[in-house]
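Asker: Sequence:
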Amino acid sequence: MSNPTIIDVRTPAEFMGGHVANSINIPLQEIEARLEEVKNLSQPILLCCASGNRSAQATNYLRNCGIACENGGSWLDVNYLLNA
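Quick note on this note's numbering: the sequence shown kicks off at 1 and runs consecutively.
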């Protein structure tokens, strides 16, 4: 996946504690309400969270809405892969 838009679905407090550079914070509980915003983002989209659970839920929901996305798992893993 080249040059993805990264969405971090953790809470704002978790996001403020550290996140992937240039990632967007849209908490999991806000994904449905902010669907139009997500649709307008550059695709593909890579989702991340703390462990991969919440990003998996968001990935499944967004795929069902026709959005090209992947679950990146932990934001720490995504950060490592992007900077490797």
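Hint data in this document are derived by calculation from the structure and do not stem from the laboratory. Treat the hints with care, as some may be off.
[Claimed, not checked] Label-pair restraints from in silico Cβ distances:
| # | residue 1 | residue 2 | range |
| --- | --- | --- | --- |
| 1 | Thr5 | Gln57 | 29 to 35 angstroms |
| 2 | Thr5 | Ser51 | 19 to 25 angstroms |
| 3 | Ala84 | Asn64 | 29 to 35 angstroms |
| 4 | Tyr80 | Ala33 | 28 to 34 angstroms |
| 5 | Tyr80 | Pro44 | 17 to 23 angstroms |
| 6 | Leu35 | Ala84 | 27 to 33 angstroms |
| 7 | Glu36 | Glu70 | 17 to 23 angstroms |
We treat Cβ as the ideally placed atom computed from N, Cα and C, and that holds for glycine.
Asker: Are any of the numbered hints broken by this structure? If so, which, sorted upward?
Answerer: When the structure is compared with the hints, only number 1 turns out to be violated.
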